[in-house]
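For chain Y, the structure is supplied; the task is to place chain X on it using the hints.
Here's the letter readout for the chains.
There are 2 protein chains.
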Amino acid sequence: MGLVQVIALGGVGEIGKNCTVVREDDDIVVVDCGLSFPNEEMLGIDIVVPDFTYLVQNQSMVRGVFITHAHEDHVGGLPYLLNQIDVPIYCTEFTQALIRSKLEEKLPHKKIDIRIFKHGDRIAAGKMEIEPVRVTHSIPENCSMAVRTSHGIVFFTGDFKFDFTPVDGKLANITRIGEMGLEGVLLLLSDSTNVERPGWGPSERAVTAGLRNVFAEAEGRVLLTTFASNIHRMQQVYEVAAEMGRKVAVVGRRMEQNLDVCERMGYVKVPKGTRIRLDEMRMYSDKQLAILTTGSQGEPMSALVQMSKGEYGRLQVKQGDTLIYSARPIPGNEGAIWRTINRLFNQGCKVIYESPTPIHVSGHAYQEELKMMINLTRPYYIAPVHGEPRHQYLYNKIASQMGYPDHRLFTMKDGIPLCMDDTSAHFGEQVPCGRVLVDNSGTMDGVPDEVLRDRFNVANDGIVVITVPVDTTAGEMAGDPVIQARAFSGPAGILDAAYDVLFDALAALSKDELKDTARVKHDASDVVRRLIQKRTGLRPLVLPIVVEV
Amino acid sequence: MGLVQVIALGGVGEIGKNCTVVREDDDIVVVDCGLSFPNEEMLGIDIVVPDFTYLVQNQSMVRGVFITHAHEDHVGGLPYLLNQIDVPIYCTEFTQALIRSKLEEKLPHKKIDIRIFKHGDRIAAGKMEIEPVRVTHSIPENCSMAVRTSHGIVFFTGDFKFDFTPVDGKLANITRIGEMGLEGVLLLLSDSTNVERPGWGPSERAVTAGLRNVFAEAEGRVLLTTFASNIHRMQQVYEVAAEMGRKVAVVGRRMEQNLDVCERMGYVKVPKGTRIRLDEMRMYSDKQLAILTTGSQGEPMSALVQMSKGEYGRLQVKQGDTLIYSARPIPGNEGAIWRTINRLFNQGCKVIYESPTPIHVSGHAYQEELKMMINLTRPYYIAPVHGEPRHQYLYNKIASQMGYPDHRLFTMKDGIPLCMDDTSAHFGEQVPCGRVLVDNSGTMDGVPDEVLRDRFNVANDGIVVITVPVDTTAGEMAGDPVIQARAFSGPAGILDAAYDVLFDALAALSKDELKDTARVKHDASDVVRRLIQKRTGLRPLVLPIVVEV
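Respectively, the protein sequence lines represent chains Y and X. Residue numbers for the first sequence, in numbering that gives the first Met the number 0: 0 to 548. Residue numbers for the second sequence, in numbering that gives the first Met the number 0: 0 to 548.
Derived from the structure by calculation, the hints contain no laboratory data. Backbone N, C-alpha and C fix where the C-beta goes; we use that ideal spot for every residue, glycine too. Incorrect hints may appear among the rest.
A short, non-exhaustive set of chain Y residues, derived as facing chain X with CB atoms under 8 angstroms [said to hold, decoys possible]: (1) E39; (2) N374; (3) V446; (4) D448; (5) Q483; (6) V500; (7) D503.
When the alpha-carbon atoms are kept at most 20 angstroms apart in a straight line, the in silico SDA-like pairs for lysine to any residue are as follows [as the list claims (entries may be wrong)]: (8) Y:K533 <-> X:E104; (9) X:K396 <-> Y:E216; (10) X:K533 <-> Y:G441; (11) X:K412 <-> Y:G441; (12) Y:K514 <-> X:G478; (13) Y:K396 <-> X:K396; (14) X:K396 <-> Y:Q318; (15) X:K105 <-> Y:G441; (16) Y:K533 <-> X:K105; (17) Y:K533 <-> X:D444.
Listed below are several chain X residues computed to face chain Y (Cβ distance under 10 angstroms; list not exhaustive) [as the list claims (entries may be wrong)]: (18) Y392; (19) G414; (20) C418; (21) P447; (22) D470; (23) Q483; (24) L494; (25) A496; (26) Y498.
With the rest of the complex left out, here is chain Y:
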């Protein structure tokens, strides 16, 4: 029996783009395949996906990708993986309903191989076996994933909380998790996102009371924004709206699509007559209306942001409206979200974003829930995932308070294999791993790093283009050089001064040197770059162009 290797291609030391490999000999299973969102330094980037080189290199060994749930940070990388290798996707029927259309849209010429499992199924994958276990989270049909290896179970908690009053009434299968603990968990890979929060998190059901209060006090229409995948939240809005005599309209493409699917499949139960179309709103008074909308992260093209700017054609906000901000900002989005909220206030819409009775609860386990998961699974080794280094540090501190010695606690890094047998573990050699930055240009390739660097330079200090017409046969200038700057803001006269040094530098070149376009470009950009930096401290991108005449 060889070692079991666990390799995160994303999702440790960070929150987002979860994708983890379990490998035993020549068999590989992948758990989740997510995306993450760019930070403010990644200019022009829309999403970030893992670098799948390791899976491409070992594609003959990959038995399947097993999906815990349909959130973007667990499924959003699938099109980019399937674009490179053929591999079956295993997931619940619900997850399939949410992801299939997106996959087919992105990969129109590809046959998508999705295989449905139920919680409790045991799926063979080479020497390994995978068993999804039901746990609660902020989306229906969520799974922990047990991967049975020769050395014991590698147990992925997936995203979870222990919610004893979930909106759909489907409880976590705690007993089955405990049985796995008895059977022998080699490694627990635990969600650690909320490890900073003491105690036990509130049930999703707690939001009902918060919604009731806002609905009762609202002078006019009630709007609510949340993630388009937060199906349970939307179920609660339907219920409270029906109870309070309000109809519910939905705006935002992704939210409408998700609700349509969920209502059809029975994952959302709409009280009779409660959901209306947008054009039916005029039949009701403001106090009879509620509206579900996308835009909880301040996304520029979302319905809510456009409403806040008065630019949404289908619906306007107005004096007397109340918006419930029923979500948590993804770090980095705070600025855009507050700007949206402030614009709504300026339009007379009151925004509720904090409340003594909760209007949002997290889908992730708090400290005591995390400890309970350790207690149930009784793992030999532990490694926190789905967290930044600060979360990993604190999680391991808590595990050590539960008696775990340091050599059984690991702080994983993306791309570094954790290699284990029954009683020993060590980190292996780094495998190919990284991030691929994708924009919305329609290609699925990443934007190269040098393009990002150029964007950063131009965004800060602008670009200066130098054009030099040269008769390369004669080795002579064929006209005057041109300097043009864009996105550049220097003191008056700086470009004239740059032109003078450029002119002198070109005049100093011999015929042979002028025939050498690389030389011309180098000298021209060098003198201009130096002058600007010396006079202004600015470092614009300098682009020399030699036009051969």
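Below, chain X alone, put in the same frame as chain Y:
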């Protein structure tokens, strides 16, 4: 008697660049002159200052700028105002000590006219009179500012909290504020930053206990980062360090400068032998050391951020270090701050950023303190300042719960005068007002909006430069056009395709059209822009250059 006008040139509907005008007939006084920090959409911008056009246009009326305290959002705009008009600055001796060197550095050829006041002084300013009143905040010698007009007092709370155990023992002059209430406050302009926080804020002194806990439990050195102006916080670090047998070194230019000034003037009292130079650290064990550092906002060039990257020459962090994050993120800086903290964890430095005993308290009043200020001043009119629309909304809601009718509560906007006499008030006509975006190029002018737009376009989608060599005398192409792209990432072949359409478009031009460089530029950029947008959805900046040969 004419109306009294209050005009915010910055600082209402936003947090930052506080600058407010009080005008009675031909007399103008200005309270504060601050800067704000750019949001993530303001590419390449370092600071934002108010547009001072209104003061420039009325400079003969401006009697003085009265400074409440030395925080950047209250003084950082001064160099940009003084660059445009001559006006005396009135402030405390302490404030002067912190700002004079910065003003002289920025305006080397200008005589800076700073006049020192003490709390309780009455300073004549044309028909008006200004009286600074001592209130507590997170910096020494802070003031509220009472501006006496013919219609009553316009009372600026300035940034404040009611701290009954301030670190320097200097209490707010509550009685004097109450006397002003008896005398007659026409308008209260109140800090509203913390209006979302219920109750009464903790005293700055509360931080001592939090620091003691961390110092006691730290395995090695203790580092603490806070704002360079948070003098009281640094005083507490000195005291706790001395108590615990640790020496304190300081890194970060601005923090060192501020401490030098404050220690010299007696605003910080260093326990004997506690402060050491950085090069003396080697004489002590890790458990005998504490370090104060700048970088609490994740500023790229700060000591802390460079230490987190292992790029700070003077000091490295190491395993066993503990950093206390003793500050609050300015909105928009969260991403940079968390990245810094995570990098520190990766280097083995434990970071304390939350704690059951506080390691940071706010300098701004909570709800009950805000109510107490209303109670003391008993104003006729109220307008919250130093807050975003969400804060203004909530503040006015609280004031109305205290019995204020709507017509006495105002939600001011930058540049819209609030015009009052004893018993009536209305908004006047907008005056010139706006924001000036300043970068670090050394010029004091703003970066124009079109430069920002270009930066935004290039940052998202790159730049495509088209160079067309033309013999404008003959009306002929003088060589082949050139297309070059930077910061651009399109699918393979897109630039070749663009070249083809460009070539065809140029070939279609007549001799007369080729002589018209504007026409050539237009046609060339038009076909290229359209093709790229159609094929990729990208909208790069397209820059056409005609080189006349």
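Cross-check of the supplied hints:
{"no.": "1", "hint": "E39", "in the structure": "holds, 5 angstroms"}
{"no.": "2", "hint": "N374", "in the structure": "violated, 24 angstroms"}
{"no.": "3", "hint": "V446", "in the structure": "holds, 4 angstroms"}
{"no.": "4", "hint": "D448", "in the structure": "violated, 11 angstroms"}
{"no.": "5", "hint": "Q483", "in the structure": "holds, 6 angstroms"}
{"no.": "6", "hint": "V500", "in the structure": "violated, 18 angstroms"}
{"no.": "7", "hint": "D503", "in the structure": "violated, 19 angstroms"}
{"no.": "8", "hint": "Y:K533 <-> X:E104", "in the structure": "holds, 19 angstroms"}
{"no.": "9", "hint": "X:K396 <-> Y:E216", "in the structure": "holds, 14 angstroms"}
{"no.": "10", "hint": "X:K533 <-> Y:G441", "in the structure": "holds, 11 angstroms"}
{"no.": "11", "hint": "X:K412 <-> Y:G441", "in the structure": "violated, 42 angstroms"}
{"no.": "12", "hint": "Y:K514 <-> X:G478", "in the structure": "holds, 16 angstroms"}
{"no.": "13", "hint": "Y:K396 <-> X:K396", "in the structure": "violated, 44 angstroms"}
{"no.": "14", "hint": "X:K396 <-> Y:Q318", "in the structure": "holds, 15 angstroms"}
{"no.": "15", "hint": "X:K105 <-> Y:G441", "in the structure": "violated, 48 angstroms"}
{"no.": "16", "hint": "Y:K533 <-> X:K105", "in the structure": "holds, 18 angstroms"}
{"no.": "17", "hint": "Y:K533 <-> X:D444", "in the structure": "holds, 19 angstroms"}
{"no.": "18", "hint": "Y392", "in the structure": "holds, 5 angstroms"}
{"no.": "19", "hint": "G414", "in the structure": "violated, 14 angstroms"}
{"no.": "20", "hint": "C418", "in the structure": "violated, 21 angstroms"}
{"no.": "21", "hint": "P447", "in the structure": "holds, 7 angstroms"}
{"no.": "22", "hint": "D470", "in the structure": "holds, 9 angstroms"}
{"no.": "23", "hint": "Q483", "in the structure": "holds, 6 angstroms"}
{"no.": "24", "hint": "L494", "in the structure": "violated, 13 angstroms"}
{"no.": "25", "hint": "A496", "in the structure": "violated, 14 angstroms"}
{"no.": "26", "hint": "Y498", "in the structure": "violated, 14 angstroms"}
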